[in-house]
Amino acid sequence: MKNILKVLAILVIATNIAIAQEDPSTNSQKWTSARPDGHAPISVMGDHTHHKGEWMFGYKFMNMNMEGLQHGQDNIKSSEVFNSYMVAPKKMTMQMHMLGVMYAPTDKLTLMVMTSVLDKEMDAYTKMGMNFTKNSSGFSDLKISGLYQLLNKNRQQVHAQLGVSIPTGSIEEKDVTAMSNKMQVILPYPMQLGSGTLDGLIAINYLAQSDYLSFGTQLKSTLRFGENDRDYRFGNNYTLNSWMAYKAASWLSMSARVEGSITDEISGNNSSLNPMMIPAANTKNSGAKTITTGVGINTYIPTGSFKNLRFGLEYAFPVYQDVNGIQLEKEETITLGLQYSFH
Numbered sequence: 093m094k095n096i097l098k099v100l101a102i103l104v105i106a107t108n109i110a111i112a113q114e115d116p117s118t119n120s121q122k123w124t125s126a127r128p129d130g131h132a133p134i135s136v137m138g139d140h141t142h143h144k145g146e147w148m149f150g151y152k153f154m155n156m157n158m159e160g161l162q163h164g165q166d167n168i169k170s171s172e173v174f175n176s177y178m179v180a181p182k183k184m185t186m187q188m189h190m191l192g193v194m195y196a197p198t199d200k201l202t203l204m205v206m207t208s209v210l211d212k213e214m215d216a217y218t219k220m221g222m223n224f225t226k227n228s229s230g231f232s233d234l235k236i237s238g239l240y241q242l243l244n245k246n247r248q249q250v251h252a253q254l255g256v257s258i259p260t261g262s263i264e265e266k267d268v269t270a271m272s273n274k275m276q277v278i279l280p281y282p283m284q285l286g287s288g289t290l291d292g293l294i295a296i297n298y299l300a301q302s303d304y305l306s307f308g309t310q311l312k313s314t315l316r317f318g319e320n321d322r323d324y325r326f327g328n329n330y331t332l333n334s335w336m337a338y339k340a341a342s343w344l345s346m347s348a349r350v351e352g353s354i355t356d357e358i359s360g361n362n363s364s365l366n367p368m369m370i371p372a373a374n375t376k377n378s379g380a381k382t383i384t385t386g387v388g389i390n391t392y393i394p395t396g397s398f399k400n401l402r403f404g405l406e407y408a409f410p411v412y413q414d415v416n417g418i419q420l421e422k423e424e425t426i427t428l429g430l431q432y433s434f435h
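Going left to right, the sequence shown walks through residues 93 to 435 as my numbering numbers them.
A hint or two may mislead.
Heads up, simulated DSS-like pairs for lysine-lysine below, C-alpha to C-alpha not over 30 Å straight-line [what the hints assert, rightly or not]:
1) Lys144 with Lys266
2) Lys169 with Lys219
3) Lys169 with Lys376
4) Lys200 with Lys312
5) Lys274 with Lys169
6) Lys219 with Lys144
7) Lys152 with Lys312
8) Lys245 with Lys169
9) Lys183 with Lys219
10) Lys245 with Lys376
11) Lys381 with Lys122
12) Lys219 with Lys312
13) Lys312 with Lys381
14) Lys245 with Lys183
15) Lys200 with Lys274
16) Lys381 with Lys266
17) Lys266 with Lys182
18) Lys399 with Lys182
19) Lys169 with Lys183
20) Lys152 with Lys169
21) Lys399 with Lys200
22) Lys381 with Lys183
23) Lys122 with Lys219
24) Lys183 with Lys376
25) Lys182 with Lys152
26) Lys376 with Lys266
27) Lys219 with Lys274
28) Lys169 with Lys122
29) Lys183 with Lys152
The calculated label-pair distances, taken between Cβ atoms and stated as ranges, are [stated by the list, open to error]:
30) Phe317 with Asn227: 24 to 32 Å
31) Tyr304 with Lys144: 25 to 33 Å
32) Leu201 with Asn273: 31 to 39 Å
33) Asp321 with Ser229: 16 to 24 Å
34) Asn223 with Tyr304: 32 to 40 Å
35) Gly164 with Asp321: 44 to 52 Å
Keep in mind the hints are simulated off the structure, nothing from the lab. Idealized CB from N, CA, C, for every residue including glycine.
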């Protein structure tokens with residue numbers, strides 16, 4: 093993870109240089125979201141705040157693909173999986189529809205509520221070469237947060253996020269598999285829709301702007317508490333996310349993003365899962381360290397009947413993955429969304 097810290101340091105220095113070269117008369121200006129790069133790349137959550145009395149409604153769609161097997165940092169073949177397990181995963185797709193609402197009762201405080209619907213599909217095959225697919229779909233956990241503005245001057249803003257993830261997503265998802273004799277059985281951990289635990293959400297955000305450039309960095313963590321009804325707890329997650337955007341026009345910006353993430357291993361275990369059946373049912377095969385990069389565009393309508401309507405698109409892909417045990421390898425993630433704010 094040292095390499096990502098070096099990259100982020102370079103981005104911070106470059107942005108500060110750009111800001112320092114601005115006309116000194118602009119130093120009293122506040123950071124503003126009223127430009128296409130006033131919001132982060134569309135995949136980032138909790139990146140901005142709103143003015144008193146302002147609402148924002150948003151919809152995002154994310155499609156993530158995973159394919160191929162990895163042990164630690166190395167790619168492996170299914171034959172190596174069959175040395176210890178009866179079933180090997182082949183690929184997995186996750187689609188997420190996210191609905192969010194933001195409201196600012198004051199200039200300092202913005203409230204945020206987000207829910208999502210997940211659709212997961214995993215292809216796998218047995219030692220005997222039998223292929224099968226398992227699915228799960230439904231609502232995920234409900235997230236409620238407060239974003240509090242700590243600083244906004246000299247075209248820079250700092251705000252903190254404190255929230256909670258309420259376990260509304262199912263951890264009882266079942267499906268028929270090739271080994272279940274046509275009976276539905278509990279699905280492995282990655283195929284469940286929620287965490288089953290009350291989780292804390294904590295983040296700190298730093299934003300900066302010049303006339304044509306903007307920069308943001310977000311340090312965020314999801315902290316799990318207790319154990320769920322199936323006697324396990326997903327691992328904590330820690331993410332450092334930084335992005336830079338270029339305002340090409342009053343309505344268009346282009347961005348580049350880099351994200352470092354650490355996810356801890358699952359604690360406890362679901363006694364209904366056989367850890368020798370498939371790697372995804374064994375908690376030793378959970379948790380990872382990853383670095384992801386992304387490129388995207390944001391559009392913004394500054395005037396007219398559709399003022400403050402935004403569209404964002406981002407394509408992201410991993411450049412480094414170090415997984416615990418045996419897991420599917422992450423491939424590309426595509427995120428797109430619409431956001432509309434008003435008083």
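Results for each hint:
no.: 1; hint: Lys144 with Lys266; verdict: violated, 45 Å
no.: 2; hint: Lys169 with Lys219; verdict: holds, 13 Å
no.: 3; hint: Lys169 with Lys376; verdict: holds, 19 Å
no.: 4; hint: Lys200 with Lys312; verdict: holds, 20 Å
no.: 5; hint: Lys274 with Lys169; verdict: holds, 28 Å
no.: 6; hint: Lys219 with Lys144; verdict: violated, 60 Å
no.: 7; hint: Lys152 with Lys312; verdict: holds, 20 Å
no.: 8; hint: Lys245 with Lys169; verdict: violated, 54 Å
no.: 9; hint: Lys183 with Lys219; verdict: holds, 16 Å
no.: 10; hint: Lys245 with Lys376; verdict: violated, 47 Å
no.: 11; hint: Lys381 with Lys122; verdict: violated, 36 Å
no.: 12; hint: Lys219 with Lys312; verdict: violated, 41 Å
no.: 13; hint: Lys312 with Lys381; verdict: holds, 15 Å
no.: 14; hint: Lys245 with Lys183; verdict: violated, 47 Å
no.: 15; hint: Lys200 with Lys274; verdict: violated, 56 Å
no.: 16; hint: Lys381 with Lys266; verdict: holds, 29 Å
no.: 17; hint: Lys266 with Lys182; verdict: holds, 19 Å
no.: 18; hint: Lys399 with Lys182; verdict: violated, 45 Å
no.: 19; hint: Lys169 with Lys183; verdict: holds, 13 Å
no.: 20; hint: Lys152 with Lys169; verdict: violated, 35 Å
no.: 21; hint: Lys399 with Lys200; verdict: holds, 23 Å
no.: 22; hint: Lys381 with Lys183; verdict: holds, 20 Å
no.: 23; hint: Lys122 with Lys219; verdict: violated, 62 Å
no.: 24; hint: Lys183 with Lys376; verdict: holds, 19 Å
no.: 25; hint: Lys182 with Lys152; verdict: holds, 27 Å
no.: 26; hint: Lys376 with Lys266; verdict: holds, 21 Å
no.: 27; hint: Lys219 with Lys274; verdict: holds, 18 Å
no.: 28; hint: Lys169 with Lys122; verdict: violated, 54 Å
no.: 29; hint: Lys183 with Lys152; verdict: holds, 23 Å
no.: 30; hint: Phe317 with Asn227: 24 to 32 Å; verdict: holds, 29 Å
no.: 31; hint: Tyr304 with Lys144: 25 to 33 Å; verdict: holds, 29 Å
no.: 32; hint: Leu201 with Asn273: 31 to 39 Å; verdict: violated, 55 Å
no.: 33; hint: Asp321 with Ser229: 16 to 24 Å; verdict: holds, 20 Å
no.: 34; hint: Asn223 with Tyr304: 32 to 40 Å; verdict: violated, 52 Å
no.: 35; hint: Gly164 with Asp321: 44 to 52 Å; verdict: violated, 32 Å
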